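Colleague: Going line by line, the protein sequences match chains A and B.
For the first sequence, the numbering used here assigns the number 1 to the initial residue and increments by one for each residue that follows.
For the second sequence, the numbering used here assigns the number 1 to the initial residue and increments by one for each residue that follows.
Since the hints were made in silico from the structure, they are not lab data.
Please read these numbers as outputs of a predicted model, since none were measured by experiment.
The beta-carbon is built from N, C-alpha and C at its ideal position, and this holds for glycine as well.
On the chain B side, residues computed to face chain A include the following (Cβ under 8 Å):
1. Ala47
2. Leu49
3. Thr75
4. His76
5. Leu80
6. Gly81
7. Tyr82
8. Phe84
9. Phe90
10. His92
11. Tyr101
12. Gly102
13. Arg105
14. Ile106
15. Ser151
For the chain A half of the interface with chain B, some residues (derived, Cβ under 7 Å), not all of them:
16. Glu131
17. Ser134
18. Leu136
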Amino acid sequence: MIYHDMEPALNAFDFAPVWLTLRLATTTTLLLLLMGTPLAWWLARTSSWLKIPVGAVVAMPLVLPPTVLGFYLLMTLGPQGPVGQLTQTLGLGTLPFTFAGLVVGSVLYSLPFVVQPIQNAFEALGSRPLEVASTLRASPWDRFFSIAVPLARPGFLTATILGFAHTVGEFGVVLMIGGNIPGATRVLSVAIYDHVEAMEYAQAHWLAGGMLLFSFLVLLALYGFGQRTQRVGP
Amino acid sequence: MSGLSARFSLVLGDFRLNASFDAPGKGVTALFGNSGSGKTTVLRCLAGLERAPDGYLAVNGEIWQDENNGFFLPTHRRPLGYVFQEASLFPHLNVRRNLEYGWKRIPAAERRVSFEQAVELVGIGQLLDHNPAHLSGGERQRVAIARALLSSPRLLLMDEPLAALDLASKKDILPYLERLHDELSIPVIYVSHSPDEVARLADHMVLMDRGKTVAHGQLHAILARLDLPLAHGDEAGVVLDTVIGGHDDDFHLTRLDYSGGSINVARQPHAPGHPMRLRIHARDVSLALGRHDDSSILNILPAQVVEIADENPSQVMVKLDTGGIPLLARVTRKSCAVLKLQPGTNVFAQVKSVALLG
Chain A
1 MIYHDMEPAL NAFDFAPVWL TLRLATTTTL LLLLMGTPLA WWLARTSSWL
51 KIPVGAVVAM PLVLPPTVLG FYLLMTLGPQ GPVGQLTQTL GLGTLPFTFA
101 GLVVGSVLYS LPFVVQPIQN AFEALGSRPL EVASTLRASP WDRFFSIAVP
151 LARPGFLTAT ILGFAHTVGE FGVVLMIGGN IPGATRVLSV AIYDHVEAME
201 YAQAHWLAGG MLLFSFLVLL ALYGFGQRTQ RVGP
Chain B
1 MSGLSARFSL VLGDFRLNAS FDAPGKGVTA LFGNSGSGKT TVLRCLAGLE
51 RAPDGYLAVN GEIWQDENNG FFLPTHRRPL GYVFQEASLF PHLNVRRNLE
101 YGWKRIPAAE RRVSFEQAVE LVGIGQLLDH NPAHLSGGER QRVAIARALL
151 SSPRLLLMDE PLAALDLASK KDILPYLERL HDELSIPVIY VSHSPDEVAR
201 LADHMVLMDR GKTVAHGQLH AILARLDLPL AHGDEAGVVL DTVIGGHDDD
251 FHLTRLDYSG GSINVARQPH APGHPMRLRI HARDVSLALG RHDDSSILNI
301 LPAQVVEIAD ENPSQVMVKL DTGGIPLLAR VTRKSCAVLK LQPGTNVFAQ
351 VKSVALLG
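The following block holds chain A by itself, in its conformation from the complex (with noise of 0.2 Å):
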């Protein structure tokens, strides 16, 4: 019976992948928030030279393939790596094959997912509404929180649906900086191919469904939310 087959697995079912990948996306993005922000300020309002040179190494993972990321990642990370040595100094260790090192790697992963529509809504902003800040008594970082980010915030939302997202979706990364260690780097898309490798389709069938659910879900609520703010206003 069919039933009795699936009870064995649903006993044995490791919820351990799912809070990971959960945690490590919702770090990610959070970290990307705060980074990214400033990042993408500069980008949008900078006349520098340097802003092509940093926006192209911004978009960077948009085109590289994710094991390169991950392989120039292991290696500067790595005991004999520059990163790696510092770390090590500083008595943290080294970073790949745990939950930090996984960090890293999401963080400069999905950097464009957020930068960009972040970058593109503060360009989109214009001088104007931060010039007529200025003209009423706004010193450069009030007009920054009381206009420049209330007007990007679709951008924002832009950025922080496609951080996470891309962030529970990545595989080739991970594999390479953070292996497949249960409860510290074995992630869900990690999880979904060991069971597909192992012939375990039904735990497959669970964790895949269950993504494929959950990111309708968070969508779906995250897009809600968009429209709504955006009809009522304040």
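The hints should help you fit chain B onto chain A, whose structure is shown.
Modeller: Frame of chain A, contents of chain B only:
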């Protein structure tokens, strides 16, 4: 030291600005010139949105910019109000919160305009809870004006606030601008390329041409300067600031007095003593050596010829003095010769029509 004193030189691409002018510490100064003459750039320099490398600006005794001493006050530290050509209301805030934006950012002790005053002055009491997207162009611009006033500016800058509006909205907003003129005791710099707006609103004028300030002075003096292009062409004319002297209810007329004499116009609804501004076009003024009481022309002012300039092969422009206030008359070269007009000649100026500017 009262008044505004400004000097800016700036190169933006292939545009060179070289502006230097003074303006009184009170009243409306029109910054007038063709499009591309640099009016808006001057306004942006005054606001600190553009930084002229060797600029100097003092407003009623306070230095805002003095690059020779390395001093530049950033825009958000200058107590000014700026009304842009497009109202530029913040789209994420409703009208009330737009109005409060600048108001909240100045210390309570420095607020000289109350929220209610500003709202009442531009008549936007019913709009406070509206979203800017749902306002008409005229309403938006009125909100922008109130928003600027609520930051209690010591200098008000207005960049063609009517230019982006249709005729109906212009008519709707002009009376409010006139009230501003009458009720504000701060200098207002008003950028415009419309002679009508300038004639209605300004007391003082800075004339700009291709990035340079060509002339500055009192409006009625600048309008009558024969060496400037404004005193030539069909639209040439002067403004007179008069007060209502009395009414003639038999003939339904109102007498307006100024230092050069009296002008009769159709009965006005205001009491004696009420100020009225008139515009008299040079094309509507003819000259006679004697006072002809047998003519149908009602308004005849004794005047003295000050200066004569060629207008075109058949016409000349005559600048007259009426009680210290200049008047322009456009007459034919032939009449000029027949009447033997020359500087110093006493004449009578016959005014065929006047435009009341309110």
